[in-house]
Amino acid sequence: MSEKTDPKIKIEARGVEVFYGEAQALHGIDLDVNANQVTALIGPSGCGKSTFLRCINRMNDVIDGCRVNGNIAIDGQDIYSAEIDVVELRARVGMVFQKPNPFPKSIYDNVAYGPRIHGLSQSREQLDHIVESSLKRAGLWAEVSDRLLASGTSLSGGQQQRLCIARAIAVSPDVVLMDEPCSALDPIATAVIEELMEELRKDYTIVIVTHSMQQAARISQRTAYFHLGNVVEHGATQQIFTNPQNQQTEAYISGKIG
Amino acid sequence: MTEFRQTEARKAQLAKRYRAEYRFKAFGIGAICTAGLILLFLMGSILISSLPAFTQHYVTLDIEITERHIDTQNLANSDWRGLARTSLRAQFPEVQGRRDKRALGKLLSIGASDDVRDYVLANPSSLGTKIRLPVTLSDDIDLLLKGVIDRELPENERVVSNQNLAWLDKLVAEDRISRQFATKIFTNGDSREPELAGLHGALVGTLWTLLVTLLASFPLGVMAAIYLEEIAPKNRLTRIIEVNINNLAAVPSIVFGLLGLAVFINFFGMPRSAPLVGGLVLALMTLPRIIIPTRAAFAAIPPSIREAAMGVGASRLQVIMHHVLPLAMPGILTGTIIGLAQAAGETAPLLMIGMMAFIVDVPSDVTAKATVLPAQIYMWANNPERAFMARTSAGIVVLLSLLLLVNATAIYFRKRFEKRW
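Heads up: the protein sequence lines correspond to chains B and L, in order.
Using the numbering used here, the first residue of the first sequence is number 1, and each one after it goes up by one.
Using the numbering used here, the first residue of the second sequence is number 1, and each one after it goes up by one.
Calculated directly from the structure, the hints in this document are not laboratory data.
Owing to the predicted nature of the structure, the values given are computational and were not obtained by experimental measurement.
By construction, the Cβ of each residue, glycine as well, lies at the ideal position given by its N, Cα and C atoms.
Do not take every clue at face value.
Said to hold, decoys possible - Covered, in the sense of this in silico footprint (three residues per stretch, anywhere, with C-beta under 8 Å from a C-beta of chain L), are these stretches of chain B:
no. : stretch
1   : 56-64
2   : 85-91
3   : 102-108
4   : 112-125
5   : 183-192
What the hints assert, rightly or not - 20 Å max Cα-Cα, derived EDC-like pairs, lysine to aspartate or glutamate:
no. : chain 1 : residue 1 : chain 2 : residue 2
6   : L       : K146      : L       : E157
7   : L       : K234      : B       : D186
8   : L       : K234      : B       : E22
9   : L       : K170      : L       : D62
10  : L       : K130      : L       : D71
11  : L       : K170      : L       : E193
12  : L       : K146      : L       : E193
13  : B       : K105      : B       : E132
14  : B       : K105      : L       : E307
15  : L       : K234      : B       : D61
16  : B       : K105      : B       : D85
17  : B       : K99       : L       : E307
18  : L       : K184      : L       : D118
19  : B       : K105      : L       : D71
20  : B       : K99       : B       : D186
21  : L       : K170      : L       : D118
22  : B       : K8        : B       : D174
23  : L       : K130      : L       : E157
Please build the complete structure, drawing on both the sequences and the hints.
As structure tokens, this is what we get:
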């Protein structure tokens, strides 16, 4: 993979600590995420990678007893500062979840929901256009263009996940967070979504949590290895997978632990 | 693979296990059957004893609508009763003497005069002609004809005298007695005369009361549930509120009646016996029964739906209004309708606010004096006339049918709005 040596930094995390009540889930995370790259967060279960991901669009805010310390800046702006409206933030930082979770509405309404609540379209034609282009970019248009009014939940698992991706990109976010988006999918559907990510990173910055090291190796440009609430090692994916500096990382990647 | 061996000890253990399972199943089936039989017996006995109330015997009389008996200028206040009795006496020219004539007149219900009046008012062309019209018989005669009163009893043990029997037999022989569906039970208000007493007033009273209950408890209950489940922080205060709502559901309903008397009637000066007060009292009682299932419906919405909505930047209110509330609606409606059904069957709280009263008129609005179905049933059950027994059962049948209808509506709404995800 030939990346430019000095890409623009999109997300800058410094000393991020997360507490669930008394329990500390993250112990001071420092991590930079480059723009227009796929950054993979790997590590064993319970290591805090999903928690960190959810900090980036402040999804942890709604969990009772959850407290976040430290700084996360997107394009240099602290997202935990008082001026930031969390709703605006989530429109800029879209999210795709582990389990496909389309709304129990039509395919059209699933994609149109975000643009509607943010007032991104002035007319029906404009909305139609957003829906069509989002579905096209999510690689789903060909399969659903003739049944846009069918329920989103009637699609197959892989289609549902692509619908969720279309829904996330319909509001034109800068960053797309993906929390194990392929864990509920078969290898064929996974391959489709992985191809899609390669395509999407031209326009978006992607952070993905994955349990599949092969997936991390295939799709990401940078990888961070989490262990017990710390980032043990991060760097270019190629380097992490071929020449890990840390013993723990090496053990995890080679399958000795995990 | 090891051999699947069946030692004697193992076989005995197995047989014991099978027997235990069989016994358990038998107990379960036994319990269901017992409950079913009791229910069947209860329903059957109520239904059978209610049947006489749904029909009524009439005697067909030849009635001359002439100036001799009625004042054509003032039809509403004419002597219709005299006309009905005179027409009956015309069938029995042999009956002479004041006492016998009076006794003969007693065959007819007081409502017989209304039958004649209503017919003439509806058909003004009958004025000055002779008409054949079935008019209502009195409750005792009606019961005798239905076989509820045994005519073989000695005269001093039965309500209908031998003289009455003889007259009645003559009317039967002349084919003047007919049995028809008793529409009066649905069209009349309450009455002291069983054959004239109807449920119309109580039904309308129940509807007004439930309307007030719905309007007062549904918005309050749903708003409270939304706030507690979706918005309120989970702290000590909200936990105390939560526990108390659950306790409220267990408060004896008569306490709400006392509260209603003290607050709505004595303090706010609202009218007694009015559906407005009754509805508000029942709303207090229904509130926890709406809040609890509504919260349960909210809690049952998968968190993935909320996350999905928040993930595209929906505000908290938008998450609730666009996603959670519509998905929770079937549960909310079911809870509300079942809460209302319980309120519809409630009597105790209404005792205290004067809705357990003899009210003849059909209430015209929520401040008019009214009674409700269960109260009407209780009052009929307290009446000494035998014919009220069947009326009481009929009232129960109507109340149960109403509740069945309401619950069927609840099921319909649940199916109609249910969405899968």
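Hint-by-hint comparison with the structure:
| no. | hint | result |
| --- | --- | --- |
| 1 | 56-64 | holds (count 4) |
| 2 | 85-91 | holds (count 5) |
| 3 | 102-108 | holds (count 3) |
| 4 | 112-125 | holds (count 4) |
| 5 | 183-192 | violated (count 0) |
| 6 | L/K146 with L/E157 | holds, 18 Å |
| 7 | L/K234 with B/D186 | violated, 40 Å |
| 8 | L/K234 with B/E22 | holds, 16 Å |
| 9 | L/K170 with L/D62 | holds, 15 Å |
| 10 | L/K130 with L/D71 | holds, 16 Å |
| 11 | L/K170 with L/E193 | violated, 25 Å |
| 12 | L/K146 with L/E193 | holds, 17 Å |
| 13 | B/K105 with B/E132 | holds, 17 Å |
| 14 | B/K105 with L/E307 | holds, 16 Å |
| 15 | L/K234 with B/D61 | holds, 14 Å |
| 16 | B/K105 with B/D85 | violated, 27 Å |
| 17 | B/K99 with L/E307 | holds, 11 Å |
| 18 | L/K184 with L/D118 | holds, 13 Å |
| 19 | B/K105 with L/D71 | violated, 71 Å |
| 20 | B/K99 with B/D186 | holds, 13 Å |
| 21 | L/K170 with L/D118 | violated, 27 Å |
| 22 | B/K8 with B/D174 | holds, 13 Å |
| 23 | L/K130 with L/E157 | violated, 39 Å |
Figure legend: structure checked against the earlier numbered hints; hints not met, in rising order: 5, 7, 11, 16, 19, 21, 23.
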